[in-house]
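Enquirer: One-letter residues, chain by chain:
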Amino acid sequence: MAQATAPVPLHDAGPEDHPVAHGHADTNTGTTNTKLAMWIFLSSECIFFGAFISTYLLYRGRSPKTTPQPKDVYNIPFTSVTSFILLMSSLTMVLALAAIQRGDHRRFRIWIVATALFGVTFIGGQIYEFTEFYREGLALKTSVFGSSFFVLTGLHGLHVTVGIIWLLTLWGLSMQHRLGVKDAERVEIAGLYWHFVDIVWIVIFTVIYLIP
Amino acid sequence: MSDETNIAVADDPALPGTPEQRAAEAAHGMSAIPSSALPMLPGEVRPHPSPFQYVMIAVILCVITGLEVGMYYLTDSIPRALYVAILLSMALTKFVTVVSWYMHLRSDRPIFRRLFIVGGCGALTLYMAVLATLHVFE
Chain V
2 MAQATAPVPL HDAGPEDHPV AHGHADTNTG TTNTKLAMWI FLSSECIFFG AFISTYLLYR
62 GRSPKTTPQP KDVYNIPFTS VTSFILLMSS LTMVLALAAI QRGDHRRFRI WIVATALFGV
122 TFIGGQIYEF TEFYREGLAL KTSVFGSSFF VLTGLHGLHV TVGIIWLLTL WGLSMQHRLG
182 VKDAERVEIA GLYWHFVDIV WIVIFTVIYL IP
Chain A
45 MSDETNIAVA DDPALPGTPE QRAAEAAHGM SAIPSSALPM LPGEVRPHPS PFQYVMIAVI
105 LCVITGLEVG MYYLTDSIPR ALYVAILLSM ALTKFVTVVS WYMHLRSDRP IFRRLFIVGG
165 CGALTLYMAV LATLHVFE
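In order, the protein sequence lines correspond to chains V and A. Positions in the first sequence are counted from 1; adding 1 to them yields the working numbering. Positions in the second sequence are counted from 1; adding 44 to them yields the working numbering.
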């Protein structure tokens, strides 16, 4: 069987770098089980988030008029900025993957930390938003709108938080020279999770915030 | 990176790309070395996009997001059905763009695409049926 030519990393090559990957794993599916498992997990997450988005839509407009309504509390310019930040984090994530594939560990660390920082900023914005809503009288138990909104966006925030921890773990491994070009797939799988969190927010931002 | 390092990287015959490409990559970063010269990841059928393409996709996503936010301020100016249709179309465009380019479904093995479509369309069908049954769209 012909051996694929495996280019060598570009910058800062260390003991963690080996000739890598050839696009075909020795499994029945031709891909690794971890990547396949991640896609199955993300597929199931569609059903998970779909349940909470549907619940929000089901209860929309059914809260007592004496409680805060969506149009009273939503701050669209602010949420637009946090959405933009999460979108930019997807860009830095793919740039981190491109960097590790090139063996450019310095740029990989920069992009992966930038992605995590964007995520932290997004979570900070969400905490600020929740606090503002609470001050305006909307809490988890105030109405069905409050319950469905906080549970949906809170669970999304929890996913973002898990993603941040994952990214920082990759950064830590890279700093210890335990993440090389051969581990690019690990970065790609973390990236898949991160992008999924981003696309869920794309749906939430449109369906929950922008459509009155 | 210093000039000395750039020269060293450019002269290393073990690295991918031509010496000129390596020098440009070391000096400017980004996509001087084509993605096709890089090792493919497991499950990858075609080379992933280059960093420049990633940036271009991000620009497109930002423009669509800007249009979405702009649309929000036209809520009272256009019919609700049209407003909702336009917003959902833009969200769908962003969704498909991220999944295709950033999650590499357009360049990876079809099995990933099939798995995700089954989950996504399954969830959509299920919950649309539930919401229709509960008269949410009336």
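Incorrect hints may have been included.
Said to hold, decoys possible - Listed next, the in silico SDA-like pairs over lysine to any residue satisfying Cα-Cα at most 20 Å (straight line): (1) Lys-66/V / Arg-136/V; (2) Lys-72/V / Tyr-135/V; (3) Lys-72/V / Val-89/A; (4) Lys-72/V / Val-113/A; (5) Lys-183/V / Tyr-116/A; (6) Lys-72/V / Arg-90/A; (7) Lys-72/V / Met-115/A; (8) Lys-72/V / Pro-91/A; (9) Lys-72/V / Leu-118/A; (10) Lys-183/V / Pro-91/A; (11) Lys-183/V / Val-89/A; (12) Lys-72/V / Pro-123/A; (13) Lys-66/V / Val-180/A; (14) Lys-183/V / Ser-79/A.
It should be emphasised that the hints constitute simulated quantities derived from the structure, not laboratory data. This one's a predicted model, so the numbers in the text were calculated from it and none came from an experiment.
Enquirer: Sort out whether Ser-79/A lies within 20 Å of Lys-183/V, counting only the CA atoms.
Expert: At roughly 16 Å apart (the allowed maximum being 20 Å), Ser-79/A and Lys-183/V satisfy the hint.
Enquirer: Can you confirm whether the C-alpha distance between Lys-72/V and Arg-90/A stays at or below 20 Å?
Expert: violated, 46 Å
Enquirer: Does Leu-118/A lie within 20 Å of Lys-72/V when you go C-alpha to C-alpha?
Expert: Judged against 20 Å, a Cα distance of about 15 Å means the pair holds.
Enquirer: Check the hint pairing Lys-72/V with Pro-123/A against an upper bound of 20 Å on the C-alpha distance.
Expert: holds, 18 Å
Enquirer: Mind checking the alpha carbons of Lys-183/V and Pro-91/A for me, to see if they're no more than 20 Å apart?
Expert: holds, 16 Å
Enquirer: Checking one constraint from the list: CA of Lys-183/V to CA of Tyr-116/A, max 20 Å. Satisfied?
Expert: Roughly 46 Å between the alpha carbons, so the hint for Lys-183/V and Tyr-116/A is violated.
Enquirer: Would you mind confirming whether the straight-line C-alpha gap from Lys-66/V to Val-180/A stays at or under 20 Å?
Expert: holds, 19 Å
Enquirer: Check the hint pairing Lys-72/V with Tyr-135/V against an upper bound of 20 Å on the C-alpha distance.
Expert: holds, 15 Å
Enquirer: Are Lys-72/V and Val-89/A close enough, with their CA atoms no more than 20 Å apart?
Expert: Violated: Lys-72/V and Val-89/A sit about 47 Å apart, past 20 Å.
Enquirer: Would the hint linking Lys-66/V and Arg-136/V be met if the CA-CA limit is 20 Å?
Expert: Given pair Lys-66/V, Arg-136/V holds - Cα atoms ~18 Å apart, limit 20 Å.
Enquirer: Check the hint pairing Lys-72/V with Met-115/A against an upper bound of 20 Å on the C-alpha distance.
Expert: Judged against 20 Å, a Cα distance of about 16 Å means the pair holds.
Enquirer: Given the hint that Lys-72/V pairs with Pro-91/A, test it: the Cα-Cα distance must not exceed 20 Å.
Expert: Roughly 45 Å separates the two Cα atoms, so the pair is violated.
Consistency with the previously given hints fails for numbers 3, 5, 6, 8, ordered from lowest to highest.
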